Each structure stands twice: as C-alpha cells, then as structure tokens.
Amino acid sequence: MIDAPGIAFQILQSVFVVLAAPLLMGWANQCRAWLQNRSAPSILLPYYTLGKLFHKDAVMARNASALFRITPYVLFGCMWLAAGIVPVLATDLPFAPAADIIALVGVFALARVFSALAAMDIGTAFGGLGARREMLIGFLAEPAMLMTLFTAAFISGSTQLNTIVETLARREFAIYPSLAFAAVAFLMVLLAENARIPIDNPTTHLELTMIHEAMILEYSARHLALIEWAAAIKLFAYVTIGIALFVPWGIAEAGNWGALPLAFVALAAKLALAGAGLAFLEMLLAKLRLFLAPEFLSTAFLLGVLGMLTHFLAHA
Amino acid sequence: MLMLPAHSLLSVSFLAAAAWCAIAVLSLIPANEAFLARKFAFPLGALVGLALAAAGLQAIWLAAPEQMTLPLGLPDLPFHLRLDPLAGYFLMLLGAVSAGVSVYAAGYFREETAGRLALIALEYHLFLASMAFVILADDAYLFMVAWETMALSSYFLVTTDHKLPAIRSAGFLYLLLAHLGALAILLCFGVMSGGHGDYSFAALRNAHLQPQWATVAFLLAFFGFGAKAGMIPLHAWLPEAHPAAPTPVSALMSGIMLKTAIYGMIRVIFDLIGNVRWEWGMLVLAIGAGTTLFGVLYALMQHDLKRLLAYHSVENIGIILLGFGMSMVFLGFGYPAAAALGLIAALYHALNHAVFKSLLFLGAGSILKSTGQRNLNRMGGLIHKMPQTAFYFLVGALAISALPPLNGFVSEWLTFQTALQAPILENGVVRSLLPLFAATLALAGALTAMCFVKVYGIAFLGRPRETQPPGQAPAGENGHDAGLPERFGMAWLTAGCFVLGLFPTGFVLMLNRVTVSLTGHGLHKAALESSWLWMVPISPARASYSPIVFLIVIVSVTLLTFVIVRRYFHGRVRYSEPWGCGYSEVTARTQDTADAFGQPIRHVFGPLYLMKRHMPGPDDASPRFSLKIYDRHWYWLYLPLARLTEFVSSKIALLQQGKISIYLLYSFLTLIALLVFVR
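Protein sequences, first through last, are from chains A and B.
Per the working numbering, the first sequence starts with residue 1, numbered consecutively.
Per the working numbering, the second sequence starts with residue 1, numbered consecutively.
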C-alpha cells in the first residue's frame, strides 16, 4: 500500500496545496473587486500580506498562556493534514487511509476547538463573543457536512475520500438527484465554515457581528500570519473536497502518473471557476443576522438528509 | 503470559473483590486517627483494582467461562460466580478506572476528620466490591444482593455531607429511583424464570420465553437498568446526586456505576433473554437519541461544573445506547457482523466514557479543592495557577468532544460506521432512520465540543472573574495545583485516553472476543486481519482510520512549521495589555460567563427548555437579572407522579385509625374473607 513514489507524491501534493492556497484567496478577492467595479489588487496580495506579517514583532497580552502560543501552529498543522488527505490532483495518497471523511470533519473540529479556546485565553469580551459564535456555527455546520458526506459514502459504499472520488469519477455523466441536494447543502456549509458571506464577512474588522475576526483580535505578526494562512488552506481544502465529490472528472487515478498534467489543468480551471463563483455569490448575497444562521444551516442539514433519502428511494 | 490453573482468573477476581471488602472493614479501626484508612486504604484499593483489571483482561481470552459456587447465601441458594469475556471486560473497566480514582482519593480525602474518613473508606470500598460482585454474579439472587449493596453504599457516599438539606434530598431521589429500577429488574428476573423457581443465570438462559413475555422481560430490563444508567426520562437523580457526592465518588458513580447498568442491560438482553428483536432495537435507539440530545442541551445550560459533567454522563449513556440499539436492529434483521460492530462501538464507548469522565470529575474535584468553587461563573485563568490539572483536563475535554486522535473519537467513529451499514437492511423505514440517528450523534458531538470550549475557556482560560465571596480565602492564597497523588490519578486516566485513542485495533479485536462469546458472531474476516496501525472495521476499501499516523503527521507538520517560522523569521515578542478594541475600562467582568456562553443555544433550542426569566424594569432601584432553567421532565412526569402517590397514600391512610380495636377488626375481616374464598 505504501511505496516511495506514492509518499513523494503525497508530500508534494500537500506542499502544493499549502503553497497554492493563498492564490485562491487572492483570485477570489480579485474577482470580487472586478465585480464591484473597483480596481483589483494583485492576485499575489495574500502572499505579500503573509510576508509582511511574518517579519513583524509579535505583540502578546501579558496573561497569554501556552495554549495561546501553540494554537496558530496547531491550526496550521490541522489544515496541512487536511490538505494531505483530500485528493486534489490524484487519488493515489498513501496517507489517506489514516483518516476518512469522518476523521476529516474531526480535524476541522479540532482546529475549531483550538481556535475558540485561544480566543478565550486573553479574557476580553470580543474573544469570548467570537468563540461562542464560532462554536454555534460549528455545531450547526458539522451535522450538515456529515450528512452530505454520508450521501456520497452511501453512493460509493466507502467513507475513504479517495475511494469515493475514484467511484464517482468513473460513473457516467448524469445528474444524480441525491448528489444535487448534497451539492447545495455542501455549498452552504462551505460558506458558513469559511466565514464567508452570508454568515460572516471576511473583509470586515471590528464589527459587532464579526465571528472569525473577533476570535483572532489578539493575534499579531507571525501568529496571525499562520492563522490567516490556515484559513486560506481551509478554504482551499473545502473547495477541493467539493470538486472531488461533485465534479471529480479529470483527476488522475491511482498509478496513472501520465494523467497528472491533464489533472493539473482541470484543477486550475475548476478552481478558477470556483473562486469566481464564490466572489459572485458574495456579490449577490447580503450578510444574514447572526440568529438567521441557524436557519441557513438547518436548511443545509435538511437538504443533506433529503439527498440521503433520495438515494435510498432511488435504490430501494 | 503466565498460565494459571483452571478457575484461577475467577479466583483472583473473587479474591480482589473480597480484598476490597477486607479493606472496607479494616478502615474502621479508629487507632491513631484512623491511621489505616488514612495511609493505606486507598493505595491498597488501587493495587487491588490493578489486580482485578489484569484478571479481567486475561479473562477476555477465556475459551470457556469459569464458574464457581460459594458456600454463602441462604441454605438452598448458594452464590454462583461466573467469569466470561463480557464480565472480564467490565472487570477490567472497573479495576483500571477505579485504580486511578483510588490513588486520587488517597490525596483528596487526606484532610478529612478521622470518623468521616473511616466511614468514607468503608463505604467506598464496599461500593467497589459490590460492583465487582454485580459483574461476577451468575444467579439472580447474588445479582440483586450485590445490586442493592451497590445502591446503598453509594447512597451513603452521596449523603456524606448529610447535614445539608439539599444533599439529603438529592440522596433520597437517588435512592428512590435506584429502587424503582431494582424493582423492575427483580420483576424481569421473575418473568424470565417463569415460576420455575430456579434463578441461576444458566436456567434463565435456557428458559424459552414466549415472544410477548420476552418483550415484557426486555422492557423491564431496559427500564430497570436504564434508571441506573440515567437514560431519559429516568435520569432525574443523576444531576442531583453527582454534584452532592464527594468528587472521587462522583467519578466512580459516573465513570463506573453507570457502566454496571450497561453491563446488566447487555447481560440480560443479549445473554439471558436472547433472540433479540429489531423492534426492541428501535426503542433503544429512540430513547438513546433523546437521551443524547437532552443530556448535552441541558449540560450547555449549567454553570455548576459537576452538574454539567453529570448531564454529560446522561449524554454519553445515550451514545452507548445508540451503538447498542443499532446492534440490536442489525441482529434482529439477521446481520450478525454489523451487529457485532455496533456492540463493539457501545462497549468501547463505555470504557472510553469511564476513563475520560472520571478524569474530568477528578479535574473538577481539584478545582473545587483549590478554589472552593463549583460555579464556573466565578472561575477564570486557572491555567496559570494549576497548569498540570489544566493539561489533564484539556485532554479529557478533547476526548469527550470526540476529537481525533483521542479515545472519544474512536468509539463515535465506530458508531458512525455501524450506522453507515444501513443500506444492507431490507426494511426501508429502518434503513433511512439509522443515518438520522447518526446525525443526532454528530449534532451531539459538536454540541459537546461547544460545551467543553465553554467549560475550559471559562474555568481555565481568561482572567479570574469575581473577587471571592465573603467568608472564603482571598484570591491570592488559594489556587494551587493539585497534590501529588491527585496528579498521579489524573495522569493515569490521561494516559488511558491516549492509549485507548491511539491503539484502537487491539481493543476492537478484544471486544470482538466479547461479541463472539455473546452472540456467536464477530466482525468480518477482513476486519480481524487489520494491523495495529490501521483500524479497519469492515473492509479496507470501505473505511479505515489510523490514529498513530494521524498523530504523527499532525505533530510533525506542526513542529516543522514551528521550526521553519523560527529558522527563517524570528521569535520576538513584545508584551502588553490586552487590546480593548479602543474601549478603555475593559475589566475581567466583561468576559463571557458560562450562562452567556450558552445563550445562542437557548435561542436556537428555546422551546426545549423551561425558562423563568426575570428582567429588571427601567426604574428598578437595585436591578438584577435572573434566569433559571428547569428540567421539563419534572413537570410532566415526576411531579404528577409524586402528587398521585401522595393522593393515593392519603386515601390508604384512612385505614390507619390508631386504635387497636380497629386493627383487630381488620384481622377478623381478613380471616373471614380467607375462610370464604380459600376453602
């Protein structure tokens, strides 16, 4: 199961994801600027920001505990692990059997718990506020996410992400009603989990309704850089999970190294579309009131359940 | 491993239980300020626990159960003992977890007065011994004797501080529900024996019940043991009794005693009644799902740390019931391999919960001892004063939140995998319901994470919230870390969380032995060939999980990031005051409180709670906001029942006239009636 080229590819792919993640962020921001008729920033702006942050001196509250210091690294590590599990270019990932989709949701939950704890560490009002809201979104999004993934797991008879992708990529092109429901639910979870409009506003700072930004108010310099970078990897991972589940065509299957260039082009095209689509959605939607978020996410959950039931009905 | 002669494991287990009894009696010696109880009782009890755990662990691989008849009990009713893999597993749970708790108790009870200490040591070890006998019992008679001893000894432990009225009433409620449960269990044994008068488990196992009587026996066993396990709607004693008891006792009750109820359920339903029906499984699943959600939603509303943990015990019993119920459904439909997976998930979660919940209770005990507080709203910043306790508590909190790679995740993962086997079922309704129960589990898991972010964030992180209330030590003098024995006990259980989380394959294969001995079937062949590194519950293509690889990857990339950041950039830090977002006067009182943290939940799940809120008016001289959350079960179940009982007993009380002539008249009338009817 584990061979040297496989491991090399595994490492290369996860490094690729880590390095490419801010690019998706930059592309989405650029698209949004165009749509809003502003002059767009460079697509490389996220990298410049990260570089600037890494060079600054960190400012830390006097009563920060060790937990506060290690959290940025833990977050980054969790997201890196997630980046290693998701099949982005090829399904030949030797480490993928270590964690299936349920464990993947577990990794995101682990990261969320650590960031919420770190937010409460300093003891300011905003930190607790952000942590509370983040956990609210989390507990609503997690079951919805699992329902979507379960639908895919039922179709392919496996909870291994790479097996699911191989099964789904081989099927002929047709619209599966169960997957259509699941795709809508997944999109809603993606928006909520990555602090995008309509749940949270990624461009805001110091707004009473903020969630993600409220949690990281106390962070600066390299810690902030790691957290922002981890957020970029998270968005990238979610988008690639969505691509893998719902539009997997073009991904290189296990052992087929010749298909990699094609897989790379397909991925770039899909990501470009996804980033533009994200910006377009953020153009169209307005931010919801915080207490409408449960309705938004329970809709996602119900869509996920409907997708699963549709699958059972279709295969009764 | 050393091979011992036949019956030896049972003898070791019996001797261990007897040794606990001996320690209990010896602790009563008052010489030298209860010297024995103070210095030796609890460490010895921990050693006995380890011996019992070792014997139980070995018993899991027993080919044939060991049996023994004791020359004790009533003339024609000797005590029968039996050790099979199921009993061995629960003995291991009891021994291993109690060892950690006993070491902790050795430190925790150090400052008690001699009289109280001797009594606590007596009741504590009797409690442990009675739980061992519940697991070893092989006839209904010994089982009930041990069961009642367990209830009584724990009742006296709960009411250690019996001078407080609240604790007395908590103890009474506990005793009441424990006896209602015991009554149902007794009736269940009666139904199973069918009037033949032979109450040995061998006879009950061989009795072939008619389906309707089997269902009656199942219902009696399920609700009887359920009352002890704390499933809704019989959970009411749990959030009252657990906070009332001294902390190590809360840990034992929540960690181990609830599991003896799970043991009883599995023993009676799978082993003695047998022929499990899927309809029973659906009932178990429905109640399990309700218990899970109810437990965690009410836990989120608590600010008393021990009460909060007690509600989480309710939740975790629900999770165990979910695995158990899925197993019954699959067995009822004739899929033994899927049923084995469900049972393994339930049993695994029983052990996991025993370990992390005891750990969390012990952590709560250290906080209580160090700060004198159980109220979360008065804590804060404890990580600075008690760093080691904070670490152990963090591990427990992550484990109970079902986060990988710790142990809580493994058993929930196995439960999910069981639910995902639903497509093999023919019954369309059941097939689509099982994943919904899994969704309940997902929701409960995420809510648990929220609750423990609240607990940990408010107790250990942030800044100290309130100045100490009058009459307690000023803030500077308290807040030391736990003592050495306490820390050792917590470290033992923390290690348990890691071992159970990182080496799941060994435990799954071990539990496979238990299910084979119970139902005659185990997991699929592919699952049994999984190596220690990769856990495969069904087949490798279907699902696998490797916590070790998971941990290695996450630790190495985290360290790599750290090294890279430090190597290519710098590690300079400037310290300053927290940033108040431009507001000055940001004090420790502006932090979230435990109640505030639960506010979104109150908003989302409002109709499920019974809330009484008092808002101060605009011209209130001394405005106070108050919010109380009540358990709805009190109002629709317990209070009506209590009123009915009072009404009925007030009518029956008419018989009591207090005059001897009236009572003689009753005897006379009874005699006449007997003469008329029984000729």
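Keep in mind the hints are simulated off the structure, nothing from the lab.
Some hints here could point you the wrong way.
What the simulated footprint calls covered on chain A by chain B, stretch by stretch (three residues with Cβ under 8 Å from a Cβ of chain B suffice, anywhere in the stretch; the number is not a length) [as the list claims (entries may be wrong)]: (1) 34-44; (2) 143-151; (3) 213-225.
These numbers were taken from a predicted model, which means no experiment stands behind them.
From the three backbone atoms N, C-alpha and C, an ideal C-beta is built for every residue, glycine too.
Task: Cβ contact check, 8 Å cutoff: the stretch 34-44 of chain A against chain B, three residues minimum - done: It is violated: at least three residues are needed, and the stretch 34-44 of chain A offers just 0 whose Cβ sits closer than 8 Å to chain B.
TODO: Report holds or violated for chain B covering the stretch 143-151 of chain A, Cβ cut-off 8 Å, minimum 3 residues.
DONE: holds (count 4)
TODO: Count residues of the stretch 213-225 of chain A with a Cβ under 8 Å from any Cβ of chain B, then say if the count reaches three.
DONE: holds (count 3)
Checked against the numbered hints given earlier, this structure breaks only hint 1.
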